[in-house]
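Fit chain H to the given chain P structure using the hints.
Chains as they are written, first to last, in the numbering used here: chain P, 1 to 401; chain H, 402 to 802.
For the record, the hints were derived by calculation from the structure and aren't laboratory data. Here a beta-carbon is modelled for each residue, glycine too, at the ideal position from N, C-alpha and C. Careful: at least some of the hints might be erroneous.
[To be verified] Among chain P residues calculated to face chain H with C-beta under 10 Å, some are:
{"#": "1", "residue": "Arg52"}
{"#": "2", "residue": "Lys139"}
{"#": "3", "residue": "Ala148"}
{"#": "4", "residue": "Ala371"}
{"#": "5", "residue": "Gln374"}
{"#": "6", "residue": "Ser376"}
{"#": "7", "residue": "Ala389"}
{"#": "8", "residue": "Ala391"}
Number of protein chains: 2
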Amino acid sequence: MDANFFKHLIVPATTKIVMLVMDGLGGLPLQPGGKTELETAHTPNLDSLAERSSLGLSIPVAPGITPGSGPGHLALFGYDPLRYEIGRGAMEALGVDFELGPDDLAARGNFCTIDADGCISDRRAGRLSTELSTQLLQKLAQITLPGAELFIRPVKEHRFAFILRAPGLADALSETDPQKTAVPPLRLLALDPYAEKTALLVNQFLAQAQLILAGCHPANMVLLRGFAKLPVLPTFYEKYGLHPAAIAVNGMYRGVARLVGMQVLPLSGSSLQDEFDALHANWQDFDFFYLHVKKTDTYGELGDFTGKVMAIEEVDAMFPSLLALHPDVTIVCGDHSSPAVLRSHSWHPVPLLLFSRYVRPDGISEFGESACRQGSLGTLPAVQIMPLALANAMRIAKYGA
Amino acid sequence: MDANFFKHLIVPATTKIVMLVMDGLGGLPLQPGGKTELETAHTPNLDSLAERSSLGLSIPVAPGITPGSGPGHLALFGYDPLRYEIGRGAMEALGVDFELGPDDLAARGNFCTIDADGCISDRRAGRLSTELSTQLLQKLAQITLPGAELFIRPVKEHRFAFILRAPGLADALSETDPQKTAVPPLRLLALDPYAEKTALLVNQFLAQAQLILAGCHPANMVLLRGFAKLPVLPTFYEKYGLHPAAIAVNGMYRGVARLVGMQVLPLSGSSLQDEFDALHANWQDFDFFYLHVKKTDTYGELGDFTGKVMAIEEVDAMFPSLLALHPDVTIVCGDHSSPAVLRSHSWHPVPLLLFSRYVRPDGISEFGESACRQGSLGTLPAVQIMPLALANAMRIAKYGA
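So that you can see chain P by itself, here it is in the shape it has in the complex:
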């Protein structure tokens, strides 16, 4: 089913859809046979809605594939994550809330240490402090390049986001990080003829950076990798006729939302309450709301089972205020699993709840991995969530006579 087929069936409506994404929602029991984080959490409000909803498990990319946040979110938004790739450099820039545009080329940067022979002795420059890194980056930001603008943003410790802005930049570039020590940084190469001008510019930057950092041991050189431009995606409005808003604290999620044409709402703070406040404050102005909860993933990646349980319970406690808005369609889902026992993202299917006046309720009064496995949505590709949401929002016309 190609995207155009779908587009022609979209009809206007005044219905509203809320997609609540708990990052890394899916989990695993601490011990085989035990309960997952979501099953352990006391979630009376989600359980109560589950009883009147259709449940299922979503597969973000493909069975066995562990998605990054980019592909995980693109799939939830209905974009094939195998077709649209957001490169590492672009994710790094989005992560520090840099508003990447179509003329921007981004890369992951990091400080390193080189010895007198020009060979790398430490790929992370002794993990220098973010403060020191920020000072050094201000020096690098002074570098001027012909016909291009340069933006450099600190990330954490030795890491930074590198962005070059000029018309016609290309991202078919090699990397300068050899991923090992005792060898010099690699020379940046154009991987196709269209990238030669870009390679020239980046190499000019690298040459000047080396001069500027000469006396700054251990942070006396930089490495760049993951060069990427943003893919061009049809917007939510073009694809679905929706006017979407994004509520997210972290830059990466705000960036992916912007990429699909969502308006990123201002927040008065970084708490979950601030996010729900933004939902209420802007309820009249949009018909699709993406609300992102980060903590579930953070605790999962830290291996903190109890922390993740509590993060889920915090969402559950605030959930009635979302339902009080009476969305026509409510989706509770995750962009991937992040089981605390794995301390990382994982490939496991992700619990999914779809509620509207028109679902066939499964009558399962629990929101959890085992419960969702019994649900009528079955185990489905995450890209199918948006079509189902739009159908339940009465936004898809009949196909064929």
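Coordinates of chain H only, in the frame set by chain P:
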């Protein structure tokens, strides 16, 4: 799995398959948490067979997509409804039992009213009576066109089916209905060079129609839209080696059946009993029977929950006479859902029952949406029903050595 792969595995057999299609079978409860139409209906015979059958839910086109009758039936017959499209004009002609052939171009026609300036004042000509419409259409049928035959059939009130027959006609045509008033009818345009001759013919018809209808206010002009030729499909015999018969009262379903090479059986009346009588009378002569029940959809679209329940009960009461024929494979299914609460077709998966001597019985003694959700067939694309039926009919050979 492409169609050719499948074709080479077909083996001859003497087994018989019956596919009983209850149109718009799937439903929704009147109140959340209640029972659907099928679950409300008292269906002891279907329930009894369900216990010895495999159950499931079928998705006609794709998750979230509400199918028209054409795509819904093509999927049940095993034809990808996204690959084979039956245009609106063709459906209109099939709907009045016109036997469309490969040289025929069909369109939806309707009478309209134009004012002294030639602008449309009423797109439906005051919804004139079918009687008056039929009289006026007889005048239009006198129009002669060079090298082409013209067929015009009344549908209802202002609507009619327009069919042009000539070699080499094309359906890449614009529409003359501007879908609004106070503007003149649009001029019909060829959308590609191959359609230019066709556009010329249709425009000649329109010019003559305007002259003939000049004094017939309010029905003083016609609009044409949805130009379509029938797609060319492999027949049931070519695809499956089956000799299929269709038992259906309404023209649209008889037409779609004819399209896939089914022989449409004559009926002595339009009741369900007449349809079952035709099944018995022709049992020896075919090995595949498609039996269509329209009322379930009719009541669903009318929003008549009880009517739909009773239509299902009527089928159940007659069901033992079908089983008395001992088909090798019995399928009970629907082409889409038509919940009475929605008063329309919908995207919801459709209950499915597959019975043969060789199914693994699910042991679920109820035929309904919730019961089918528990079934071993799972939630499957409707195009997979025919391969399963053929397998159970011992008509598919082993793939590979």
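Here's how the hints hold up against the structure:
1. Arg52: holds, 6 Å
2. Lys139: violated, 54 Å
3. Ala148: Cβ of Ala148 of chain P sits 45 Å from chain H, so the hint is violated.
4. Ala371: Not OK, violated: Ala371 of chain P not within 10 Å of chain H, min 14 Å.
5. Gln374: Holds, about 9 Å.
6. Ser376: holds, 5 Å
7. Ala389: With Cβ-Cβ at 8 Å, under 10 Å, it holds.
8. Ala391: Holds - the Cβ of Ala391 of chain P comes within 10 Å of chain H, reaching about 4 Å at its closest.
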